[in-house]
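**Q** In case you want the letters, here they are:
Protein chains: 2
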Amino acid sequence: MSTTTPAGFRAAGVTAGLKASGRPDVALVVNDGPDRHAAAVFTTNRVEAAPVTWSRQSLVDGRADAVVLNSGGANACTGAQGFQDTHATAEHTAEALGVSAGDVVVCSTGLIGELLPMSKLTAGVTAAAGSLTAEGGAAAAEAIMTTDTVPKTAAATRDGWSVGGMAKGAGMLAPALATMLVVVTTDAVTSAADLDAALREATRTTFDRIDSDGCMSTNDTVLAMASGASGTTVSREELTEAVREVCADLARQLIGDAEGAHHDIEIVVQRAASEADGLEVARSIARNNLFKCAIFGKDPNWGRVLAAVGTTSAVFEPARLDVSINGVQVCRAGGVGEDRTLVDLEAREVRVEVDLHAGDDEVTVWTNDLTHDYVHENSAYST
Amino acid sequence: MSTTTPAGFRAAGVTAGLKASGRPDVALVVNDGPDRHAAAVFTTNRVEAAPVTWSRQSLVDGRADAVVLNSGGANACTGAQGFQDTHATAEHTAEALGVSAGDVVVCSTGLIGELLPMSKLTAGVTAAAGSLTAEGGAAAAEAIMTTDTVPKTAAATRDGWSVGGMAKGAGMLAPALATMLVVVTTDAVTSAADLDAALREATRTTFDRIDSDGCMSTNDTVLAMASGASGTTVSREELTEAVREVCADLARQLIGDAEGAHHDIEIVVQRAASEADGLEVARSIARNNLFKCAIFGKDPNWGRVLAAVGTTSAVFEPARLDVSINGVQVCRAGGVGEDRTLVDLEAREVRVEVDLHAGDDEVTVWTNDLTHDYVHENSAYST
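Quick mapping for you: the protein sequence lines, in order, are chains B and P. The opening position of the first sequence corresponds to residue 1 in the numbering used here, with each subsequent residue numbered one higher. The opening position of the second sequence corresponds to residue 1 in the numbering used here, with each subsequent residue numbered one higher.
Isolated chain B, as found in the complex (with noise of 0.2 Å):
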C-alpha cells in the first residue's frame, strides 16, 4: 500500500534535522526499472519554488531514475542559491545512487524565503540511499509530511502488476502553503508518453477537485514513474484507470487530513450545461468563506450556497435552483424547500447537491469547513 508496492521501486524515509521537531524529513523513491519512464503535474502558480523549476525541465525527456523529497523548508523564493541549492541536491542524490543528476527529480516543502541548510540535507540524502528498502514506502510517507496527522498512501492492485503513490499536504493542485506532494509508482509496462497521458486525466478528476482553502502553493508536484518490473503490458486505459483509482484514494485522505477542518465537504453540482460550468460552481462554493463557516457551526446555510453559485457565469436560471444538504432539499426552485431543521451535520461527511436544471454534466469537489483550528494552524505556522 506506498510507493514500495509496484516492483521495481526502492524507497526510505530518514531524519536528516531539518524539522525542529526532529521527525523524518528527507524521502528518497528509486526506480530500478528496467523502465524509467516519468512524468509530472506541477503548481500553475507563476511563482514556483526552485525544485518545480528544477524538476519540470528534468522530465522533459519523460525520465526520472529518482525523485528526493524534503520537508523542512519549500526553497521557494530563495534566489539563485535556492536553485543553486536543488541542484546540489540533484548531484548528491545522483553521486550517492549512481545515475545522472539530470534524471533526479527534488522535491521540497515547508516555509517559504527560507535558505535549506545544505549540510544536513546531503547527509541525510547519503542516510536515505543507505537505507533503501523494497518495503520503505511507508517510511517514505512519513517523511514529506509536514502539517499533516497522518501518512497518506495507496495502492491498487491489477493482475500481475500494481499501481502504488504517498501523499503530503492538503488542497488541490493549488493547494494550501501546505504544499501538495505526490509521487505515483507502478510497476507496468507502459510508455512515457501513456504514463504521462494516465497522469494528467487521473489528475485532471482527482487532485484538480479537492480545494480545501483556495490557495495555491508554489511547489505541488505530481510525479508517476513506471519501471516495467512487473513484465505486464497495460493500455493507456487500464492504466489511467488504476493511477485514477490511486490518485482518488490519496486525494481523499488529503481532504480528510486538511488543516483544522472539522468537516470533509462533497459538493455535487448536477445537471451543469458543461464541465467547465460544473466545475465553476462547484469552485465558488468549495471557496466561500461564510458557507464553510456555516457547515463548522453544523448550520444547513443554504442561502450561501446561491450566493456562492450567483457570482458564476454558469448557465442557470436563478429561479430554477435546487440545493440539497445531507439529502434534505433545504431549497427548492431557488427558494425555501424542506425543514433545514431536518438537516443533520454531525458527522464529518457532509454532501451537497446543487441541481442547476440546465444540462447533463456532473462534477464534483471536495473541501473543508472554515474553523476556529484552520485560523489557529495558519496564524501561528511560522511563529
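Calculated from the structure, these hints are not laboratory results. A few of these clues could be false.
To be verified - One-sided excerpt, in silico: chain P residues whose CB lies under 8 Å from chain B:
(1) F42
(2) N45
(3) A76
(4) A294
(5) T311
(6) G334
(7) G335
(8) L342
(9) A380
Stated by the list, open to error - Derived pair list, reagent style BS3-like, types lysine-lysine, alpha-carbon separation capped at 30 Å:
(10) K19/B / K298/P
(11) K19/P / K120/P
(12) K19/P / K298/B
Cβ atoms here follow ideal geometry from the backbone N, Cα and C, with glycine treated the same way.
Given the coordinates of chain B, work out where chain P should sit on it, guided by the hints.
**A** Coordinates of chain P only, in the frame set by chain B:
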C-alpha cells in the same frame, strides 16, 4: 454628518420588531426636492434579492422620492411571495408619503431564505413615516445595522452645498452576507446623468476596492439621491469629488468594523502595467486565507503574498517582486529582504506594498485579517 446633512432630506429609524434583539430595524430617507434625481449601483450577484430586482426597475427613470430600508431579513431567495412583499412595502411607503410606489426604492438586509413578517414591517413603515425629521439621519443609520457594531455616517461640506451618507455591512460591492447598503444624499443642483456618473466613478475606487472576505451578497445596494435644495449648481467633477470623499469615508468605516476582524489591511500594488493588473493582484492577496490568517497571527509572512501574486495573470517577473509590510521591505527581488522580525504588526492598521516593476499604475484595496472571531460570527450567525 449623515443623510440629512444636505438640505431637502428627512429621515427616520424605528423599531418594527423584525430583529429578535429589539433594536431599530426600519429606516426611511425621503427626498423633499425640489429635484428627485436618483442613481444606484447594485450587486452583480445573479441570485439577487427581491428588493434589488424592484429597485433596479424603479430607478430606470432616474427618479426616487424615498428609500425604505429594513434589517432583520434580506428577502432573498423568497420567490414570488418575496417580490410581492417588496412591492407591498413600496406601495405602503408611497401611500404613507403621498408619492408614487414606482419612486420608492427598497433595501433589505439580514438572513436569506425567509419571508419578512409583513404586518410588523408595514407598521414600522407607518411609524417611520410619522417620525421623519431633518435630523433623522443618525436614527436611520442605526436602524440598518446587522452585525455592525457601530452606525456609519459621513458628510462632505462644500461652499453652499454638501453630500451626506450612511452605510452598513462589511465588504465590497459584493461583500459578506452582511450585505452592504449605502445611501448617499446631496442638495447640489445636478442632473440624473451627472449623479449617476458621479456615483459610478466614486464607487469604482471606494466600495469596489474593499473586500472583507471575497463573498458577494444578494442584496448590495449603493443609492444616491439629489434634492437640489441648496440652489447651488455643481459640475460633474465637483460632485464626483465630494461623493467620492463620502464613499471613501464610509468604505473605510466598513472595513474598520468588519465581522471579527482584528486588523485592517491596506494592500497597495505599485508599478502595475495597468489598473486591471493592479486590481487583480491586490484582490488575489485580499482573498488569500493563508495570508489573512498570518496577519491575524502578527506574522509578516511575505511568502504567502508572493504565492497569491503568482496565481494572477498580471504582468510581472517573479524575480523582480518587492514586498514591504509596514515599511519593512521583507522581500526584495523575489527573495529574502530585510529581517522580518523588524515588522511590527501590533497596530490595527497594516500596510502591504507590492511593487510589480511593470508599469505606472497603482491600486489600493482594503481587506481584513481572518480571525477566530470571523469564524465564530459566521458559523453562529443563523443559529
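**Q** The structure should be examined with respect to each hint, and the outcome stated for every one.
**A** Hints, verified against the model:
1. F42: violated, 12 Å
2. N45: Holds, because the Cβ-Cβ distance from N45/P to chain B comes to roughly 4 Å (cut-off 8 Å).
3. A76: Hint holds; A76/P Cβ to chain B Cβ min 7 Å, cut 8 Å.
4. A294: holds, 6 Å
5. T311: holds, 5 Å
6. G334: holds, 6 Å
7. G335: Where the cut-off is 8 Å and the nearest Cβ of chain B is about 4 Å from G335/P, the hint holds.
8. L342: For L342/P, the interface hint is violated, since the closest Cβ of chain B sits about 14 Å away, which is over 8 Å.
9. A380: holds, 6 Å
10. K19/B / K298/P: At roughly 22 Å apart (the allowed maximum being 30 Å), K298/P and K19/B satisfy the hint.
11. K19/P / K120/P: Between K19/P and K120/P the Cα gap is close to 11 Å, so the pair holds against 30 Å.
12. K19/P / K298/B: holds, 22 Å
The structure fails hints 1, 8 (numbered hints given earlier, in ascending order).
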